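Q: Spelled out from the first residue to the last, the chains are:
Number of protein chains: 2
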Amino acid sequence: MTSLRGRGGVGRGPESRRGGEMAAEQDPEALAAARPLLTDLYQATMALGYWRARRAREQAEFELFFRGCPFGGAFALAAGLRDCVRFLRAFRLRDADVQFLASVLPPDTEPAFFEHLRGLDCSDVTVRALPEGSLAFPGVPLLQVCGPLLVVQLLETPLLCLVSYASLIATNAARLRLIAGPKKRLLEMGLRRAQGPDGGLTASTYSYLGGFDGSSNVLAGQLRGVPVAGTLAHSFITSFLGTEVPPNPMLAPAASQGPRVDLAACVEAWLDRVCAHLGLGVQEPHRGERAAFVAYALAFPRAFQGLLDTYSVQRSGLPNFLAVALALGELGYQAVGVRLDSGDLLQQAQEIRKIFRTISAQFQVPWLESVSITVSNNINEEELARLAQEGSEVNVIGIGTNVVTCPRQPSLGCVYKLVSVGGQPRMKLTEDPEKQTLPGSKAAFRLLGADGEAPPTPRGPSQVPRPPALFLAHTGSPLLDVLQLVDEPPPQAGQELRVWPRGAQEACTVRPAHVEPLLRLWVRRGQLCEPLPSLAESRAFAQLSLSRLSPEHKRLEQPAPYRVALSDKLRALVDRLCAGGPS
Amino acid sequence: MTSLRGRGGVGRGPESRRGGEMAAEQDPEALAAARPLLTDLYQATMALGYWRARRAREQAEFELFFRGCPFGGAFALAAGLRDCVRFLRAFRLRDADVQFLASVLPPDTEPAFFEHLRGLDCSDVTVRALPEGSLAFPGVPLLQVCGPLLVVQLLETPLLCLVSYASLIATNAARLRLIAGPKKRLLEMGLRRAQGPDGGLTASTYSYLGGFDGSSNVLAGQLRGVPVAGTLAHSFITSFLGTEVPPNPMLAPAASQGPRVDLAACVEAWLDRVCAHLGLGVQEPHRGERAAFVAYALAFPRAFQGLLDTYSVQRSGLPNFLAVALALGELGYQAVGVRLDSGDLLQQAQEIRKIFRTISAQFQVPWLESVSITVSNNINEEELARLAQEGSEVNVIGIGTNVVTCPRQPSLGCVYKLVSVGGQPRMKLTEDPEKQTLPGSKAAFRLLGADGEAPPTPRGPSQVPRPPALFLAHTGSPLLDVLQLVDEPPPQAGQELRVWPRGAQEACTVRPAHVEPLLRLWVRRGQLCEPLPSLAESRAFAQLSLSRLSPEHKRLEQPAPYRVALSDKLRALVDRLCAGGPS
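Just so you know, the protein sequences line up as chains A and B, in that order.
In this text, residue positions in the first sequence follow full-length UniProt numbering: the first is 1, and each later residue adds one.
In this text, residue positions in the second sequence follow full-length UniProt numbering: the first is 1, and each later residue adds one.
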């Protein structure tokens, strides 16, 4: 499977239309996957509770964040904002929705409550968020959602659903890209393995954001502008017996000059020469497979790819491919390459490349030695590392199940927590310290080092005390993220700052060379403040963000945790609310 | 979290409207999740290949099946048929779809091909399938899809996407139900953890089919008729400080006779008595939490549930709940119960039940001792087994991530393989024996034993030879499934039959007491042949099917594999095509 957007075909990528999200917004069906009732019933029962208590319109703020990085890593990528914005802008309960809610709420519920629901929209909702493709760390809000208590409560489930999986997939894709390195072409082809149709669409979209090159999913191309790729499956090959006569085997040369040629006959002639070179009997390659290749080559002379493993790679698929590729070559067409879907993919790729080289030399067809070798078949992180090793002849890697379902950790576990009501901070104090929340309206900053500066290493409960300090390491990397109350002055570049890393017992000081505010205002009272970046722009931003992260945090196994710290004032607020306890 | 359909509220279940799928079919938005372009690009390139080879209208048959049972078990439940039927009936490429395909196919593609695509529908497609809720085993088709080669090829990806995850979720839910036993109430509440919005909708629908009692997902209630449940979250509680005055704390008695009572004042009076009984200071229970409980009780006097762990279960949540429940009780309302979302759920449930009993006796409120205890918080199979153990006081168990994302195996890995074209059998011979397919149009039968009969035990490669025979064991259980060519006479009850179990070296004989045909004709040339069962009917059928399966196959860990066997004739066809090899 290889892209039709390459040399041999055409395609449509995000470059040609800004991110695809505008097209999707104009498409009423694209809204359907995120409908207002795609929520938990308790949001509706709480809505009634708030409304009865006359609190529906109180200003409230929620934060959406995760508690631990996925897959045993030390970073995540923020994603899903475009879907959230689309959802918020379309949010409105229709009559049928309200009627359904009425059918599951107590029969004596006041009609005025349902009138209130009918009038709801997000015109009073304000959203700050990490730009898509940003590095995200535990406890730092991916989204801050402010607005009337009843509405922002109702938004909890859909926003969690839209952000969690998108961010998980983008992070998973980014890990796979880190393993593959920048040169291998990575294709997502997991639609059939996805958890529901939209699981597939989301996976295709956000694996692209996370660093994949494209997807097999046509709908992701149509709705999101993801580059799409694909050629043929085993069923196409097994559907041919070889007894079928191609209705018109005549093919014009690539340059459109000169007479048409009977491709099927030309392939048979090449097969003799290929088999002689490979030491195979000319009867060995499967004639049905060859007929399928010829039929495909007639339909896609500029994008011919052979799927080699329907019968036998060495004794059938490869000689048939070579015969067709060489026949096409005579007419001035260059085949795209081959695909393998079973067996030891790396070893076969090495053997096939060797044969390409000898055939290329033998028949003086220079381009043939470098046609692409695509592989697929249950490729996970370990197998990908093997396929991407130095000297590997694999060019394109298709990944399905292991990118779309994230088997190592199929859920990011984001939460959406109330941090203030009416300007007053709120906190869940619970006896489970893991589940405590950070109160108050907050700002978040990323502190970056200068050239050759590394994160401070605060003392955790299990660590030997060490004076807080700055150590030399990498170039302008993020040092730590700071959460502070929204009315505190932002940290200043070059100025020393005392902060309280989460999970550590003591404060540490840090003098950032640069300071970046993390949360950006995207939606102010229902209005989009600036255009969202296109999907391709977010994809580029993700790669840039990752490139700046220092290797000890970027390591995929047993990385050093990246620190998130509280300002003095935020820390004091937490202490104050904890001390207040049950009052 | 507990159902509003219970004593304390109302709700809508599948009983009230046949499965909900009719409503969904009338809802254009419900179709959006499965659009014709939700497919892999290679289906479209192959379509062009077939069309150019003038093979588009050849009759072809595909089978959809899986190769191994999920989660280390020995069974799966078939599901997703209702979504497939909905998809097939709506299948039609719109102008925008065809235009998008034109944009990714070669620019010189003939316009007549796109005309052909515009005219496509499933009016020539015939589908046989296992009824939803059937036991399904490796290699036995869940779906057989016949029709014009081009169309049935295009259907591959969407059908795989719709069946695989639905069957996976149903199977996962069935396992959880087997662990929980019939009496615990199981609620799916994983929408926020699902892989995309539709992942959530699919999970809610098919976890119900697999044996759950309901879902928190309102959309699943609206579109699919799944019973929905839910009460309140921590944010509702933390939103109250206790300084708010409930606008109208007056509540009428349940019987609507007698004067209204100030519920808030009544709760304060009960709090004194409860605290005295529990040995707590009356200042200890959090007043904000109590205000939230009162507000919720005023909105849902007949469905009051306390979420206990926002601050401290024993020192705050529980006394506050008891004060509100006893105040409601004075007015004739019975609280629904409590929910716990952190800590040791089983131990807390035992402690809480003990307190319910003493309070119930102390204040002579008999119903209080048996109110329901609902638990949630990352419950997996192991924790569920603990919560469902003998003597557990837990009544309702909410499961999120571990039902919707199927972390133990997040993909079923179904495949869709060509088995015949123009009435001729086709087979993928590939060097990977795992990936070989079974050729030809087939029928499938389940052979059942009489009372006290067990499956035959054929000799596998690694087993000691043993004469094929029938052994005594369980009552009328399925013995094995037989695949045979469609024109063979069906197996007869009481007659001995020789079959070839897959993976075994030898044939065995079996004399079934009953024979059930497995594949049912649902769609004949695009027309639904009989109404699909409702979701609730399929759910009941799943439980019935499971109840008949013998314990050695139903065991969740290291079960005995259930045998699937080939008829003599099918086995001979496989041998013949294998011997032919590459020709």
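Bear in mind the hints are in silico, worked out from the structure with no lab data behind them.
Check before you lean on any hint, since a few could be wrong.
As the list claims (entries may be wrong) - Under the rule of at most 20 Å between Cα atoms (straight-line distance), these lysine to any residue pairs were calculated in the SDA-like manner:
id	chain 1	residue 1	chain 2	residue 2
1	A	K354	A	D344
2	B	K435	A	K435
3	A	K435	B	P259
What the hints assert, rightly or not - Have a look at the derived ranges for each label pair, beta carbon to beta carbon:
id	chain 1	residue 1	chain 2	residue 2	range
4	B	P517	A	P366	24 to 30 Å
5	A	Q99	B	A269	50 to 56 Å
6	B	A269	A	E434	32 to 38 Å
7	B	G258	A	Q99	32 to 38 Å
8	A	E431	B	D121	44 to 50 Å
If you're wondering where the values come from, they're calculated on a predicted model, not measured in any experiment.
For each residue, glycine too, the CB sits at the ideal point set by N, CA and C.
Q: Would the hint linking A:K354 and A:D344 be met if the CA-CA limit is 20 Å?
A: At roughly 16 Å apart (the allowed maximum being 20 Å), A:D344 and A:K354 satisfy the hint.
Q: Falls inside 32 to 38 Å, the C-beta gap from B:G258 to A:Q99?
A: holds, 33 Å
Q: Between A:K435 and B:P259, does the CA-CA distance stay at or below 20 Å?
A: violated, 43 Å
Q: B:P517 and A:P366, beta-carbon distance inside 24 to 30 Å?
A: violated, 60 Å
Q: Given a hint of 44 to 50 Å, does the C-beta separation of A:E431 and B:D121 actually sit inside it?
A: Since the Cβ atoms of A:E431 and B:D121 sit about 60 Å apart, the hinted range of 44 to 50 Å is violated.
Q: The hint says 32 to 38 Å between B:A269 and A:E434; measuring C-beta to C-beta, is that right?
A: holds, 36 Å
Q: May I ask you to test the hint 50 to 56 Å on the CB atoms belonging to A:Q99 and B:A269?
A: With a Cβ separation near 40 Å, A:Q99 and B:A269 fall outside 50 to 56 Å, so the hint is violated.
Q: Does the structure keep B:K435 and A:K435 at a Cα separation of 20 Å or less?
A: violated, 46 Å
In terms of the numbered hints stated before, the structure departs from hints 2, 3, 4, 5, 8, listed from lowest to highest.
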